[in-house]
Amino acid sequence: MREAMLAMLAKEPAHGYELRQRLIQALGPIGEVVNSGQIYVTLGRLEKAGFVRGVQVEQSAAPDKRVYEATPEGREHVAAWLLDASWPKVAPTEFHLKLVAAAATGLADPVALIDAQRRELLRRLREVQLLAESEPPDGDGVLILEGSALRLQADIRWLEACEQRWSARRAG
Amino acid sequence: MSGIIETAGLSRFYPGDGAPVRAVDGVDMSVAEGESVSVMGPSGCGKSTLLHLVGGLERPTAGTVTIAGQRVDGLSEAAWARLRRRSVGFVFQAFHLVDELSAVENVELPALLVGTSRRAARRRAMELLERLGVADRATHLPDRLSGGQQQRVALARALVNEPVLVLADEPTGNLDSHATGEILRLFAGLREARQTLLLVTHDPRVAASADRLLTMRDGQIVEDTRLDGGLPRQAVLAQIAGWEA
Ligand SMILES: Nc1ncnc2c1ncn2[C@@H]1O[C@H](COP(=O)(O)OP(=O)(O)OP(=O)(O)O)[C@@H](O)[C@H]1O
Ligand SMILES: [Mg+2]
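Going line by line, the protein sequences match chains A and B. For the first sequence, the residue numbers in full-length UniProt numbering are 1 to 172. For the second sequence, the residue numbers in full-length UniProt numbering are 1 to 245.
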C-alpha cells in the first residue's frame, strides 16, 4: 500500500483525506479495510524516508491542513517499484494498484508491465514443471510443486484478464 | 543463420468492411531446429492464421516462409500435401478427423500414405493412442468420441510419421488437467527427439513447457523471449518455500 500511496502523490499532491478517497476508489470493495490512521502512519514513514514532503496549508475556517507531495527520490522509488517483478503474497491487490499507478503517473505502460510480469511467471512455471517432472511421482515434494504450479497458472490467467482490460483502455 | 522455420514480412490480410483485417502483419520469425516455441496472445490476434501460413493451409498476402531451407510459400497444393505428410505434423484448432474412419484408422492414415506397412502403421498408431490414454477408443468413429478424445486422436495423427516440425493449435483446449499432463509428457519426448514444436496456446502449462515464448497482438509479434535457463534451481526453490510456508 505504501508505494501505491506514494505513486498517487507522484501524480498530484494531496492531503490525507483525499489520499484515502483515491485509494478507496482504486481498490473497490477492498478499500473498506483502509482506515485513516493507517494513512497518516504511512505518510509519516514516507516523509521520514524522504519520499514525500508535507507542506502546511492555512485554512481560514478550518484548522490548517498538511498537503503531501512526492520528492524526486520518491518518484524514483515509485518507478523502481513499478518495474519490480517479484510477486509477493498480496500480488493481485498490489499489482492492480501498480497498473493504476502506472497509468496515472505515466511512469510506465500498464500493458508492458503485464507482459513483463507474465514472462516472469511463465519462467517460474516452467522451472516448477521441470522440477515436478524430475521428482518421484509419489514424493511429498510433488504436492508442493503442484501447489506452486496451480498458483502460478491462476496468476497468469488473471494477468490475461488484466491485459484485456488495460489494452481496451489504451485503445479507447 | 537459418532455422527450421524462417518467415520474412509474412502477412495475411482478409477483406473486411472498409479497411482489410490484418490478421498477420509483417511477421519475421526464426525457429531453430529442436526448439519448442509457444505463441500466446488475445483471441483474434492472428495466432491460428500464422500457424496456417507456416503449415501451408493458407497463402500469404505478402512475405515468405522457408521450412528447412526450402521456400514453401509458393508451393502447389500437391507439394504441400507431400511436405505435410512427411515433415510437418499439424494439429488443428478444429480437429478435422475423417468422419468415416475409426480413431486408429485416422491415426495410421498418414503413415500408410507414405508407404509404411500396415502392420507397422497400426503398431505405431496404437502406441500413440496408448500414450495419450485413448487406446480403448481406437475402433470408435470420431462422432462417438468426446472433444478431448478427438483432440488426442488428432494429435496422434499429426505425430505418426515423426515429423521434424509439429505445429499445434490449442493442443489442450478441450482437455482436463490429467490429459493435459499426458500431452505435456508427450511433448517432452518430442523435445528429446529434437523435433521442433510450434504451439499456439492459451494454457499457461503448455506455454511454460516451451523454451521460448512469442506474444502476438494485432497480427504482430510484440515480444520474443526465452523461458529457459533464466532461474537457478535454488532460487526457484527459495521462492516456492517463501510462498507456500
Ligand atoms: N477466413 C477469414 N476471413 C476473414 N477474416 C478472418 C478469416 N480468418 C480469420 N480472420 C480474422 O483474422 C483475425 C485473426 O484470426 P485468428 O483465427 O488467426 O485468431 P487467433 O489468434 O487464432 O484467435 P483465437 O485465440 O480466438 O483462436 C481475426 O480478426 C479473424 O476474425
Ligand atoms: Mg485460433
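FYI, nobody ran anything at the bench for these hints, they're computed from the structure. Backbone N, C-alpha and C define an ideal beta-carbon position, used for all residues, glycine too. Check before you lean on any hint, since a few could be wrong.
[What the hints assert, rightly or not] Derived CB-CB ranges, DEER-like:
{"#": "1", "chain 1": "A", "residue 1": "Glu94", "chain 2": "B", "residue 2": "Leu112", "range": "41 to 49 Å"}
{"#": "2", "chain 1": "B", "residue 1": "Asp28", "chain 2": "A", "residue 2": "Val57", "range": "50 to 58 Å"}
{"#": "3", "chain 1": "B", "residue 1": "Arg194", "chain 2": "A", "residue 2": "Ser86", "range": "34 to 42 Å"}
{"#": "4", "chain 1": "A", "residue 1": "Pro88", "chain 2": "B", "residue 2": "Glu33", "range": "35 to 43 Å"}
{"#": "5", "chain 1": "B", "residue 1": "Asp28", "chain 2": "A", "residue 2": "Gly106", "range": "25 to 33 Å"}
{"#": "6", "chain 1": "B", "residue 1": "Thr64", "chain 2": "A", "residue 2": "Ala116", "range": "40 to 48 Å"}
[Stated by the list, open to error] Some but not every residue of chain B turned toward chain A, in silico, with C-beta under 7 Å:
{"#": "7", "residue": "Pro204"}
{"#": "8", "residue": "Asp224"}
{"#": "9", "residue": "Leu227"}
{"#": "10", "residue": "Gly229"}
{"#": "11", "residue": "Leu231"}
[To be verified] Negatives, chain A to chain B, calculated, CB over 10 Å:
{"#": "12", "residue": "Glu12"}
{"#": "13", "residue": "Ile24"}
{"#": "14", "residue": "Ala62"}
{"#": "15", "residue": "Val67"}
{"#": "16", "residue": "Glu73"}
{"#": "17", "residue": "Gln153"}
Taking the hints in turn, this is what the structure says about them:
1. Glu94(A) <-> Leu112(B): 41 to 49 Å: violated, 57 Å
2. Asp28(B) <-> Val57(A): 50 to 58 Å: Taking Cβ atoms as reference, Asp28(B) and Val57(A) lie about 57 Å apart, which means the hint holds.
3. Arg194(B) <-> Ser86(A): 34 to 42 Å: holds, 35 Å
4. Pro88(A) <-> Glu33(B): 35 to 43 Å: holds, 40 Å
5. Asp28(B) <-> Gly106(A): 25 to 33 Å: holds, 31 Å
6. Thr64(B) <-> Ala116(A): 40 to 48 Å: Given a distance of about 31 Å, which is not inside 40 to 48 Å, the answer is violated.
7. Pro204: holds, 4 Å
8. Asp224: Asp224(B) check fails; min Cβ-Cβ to chain A is 11 Å, beyond 7 Å.
9. Leu227: With Cβ-Cβ at 5 Å, under 7 Å, it holds.
10. Gly229: Where the cut-off is 7 Å and the nearest Cβ of chain A is about 9 Å from Gly229(B), the hint is violated.
11. Leu231: Holds. Min distance 5 Å.
12. Glu12: holds, 32 Å
13. Ile24: holds, 28 Å
14. Ala62: holds, 47 Å
15. Val67: Given that every Cβ of chain B is farther than 10 Å from that of Val67(A), nearest at about 38 Å, it holds.
16. Glu73: Its Cβ never comes within 10 Å of chain B, the nearest being 28 Å, so this holds.
17. Gln153: Non-interface label on Gln153(A) violated, nearest chain B Cβ at 5 Å vs cutoff 10 Å.
Violation of the numbered hints given earlier is confined to hints 1, 6, 8, 10, 17; the remaining hints are satisfied by the structure.
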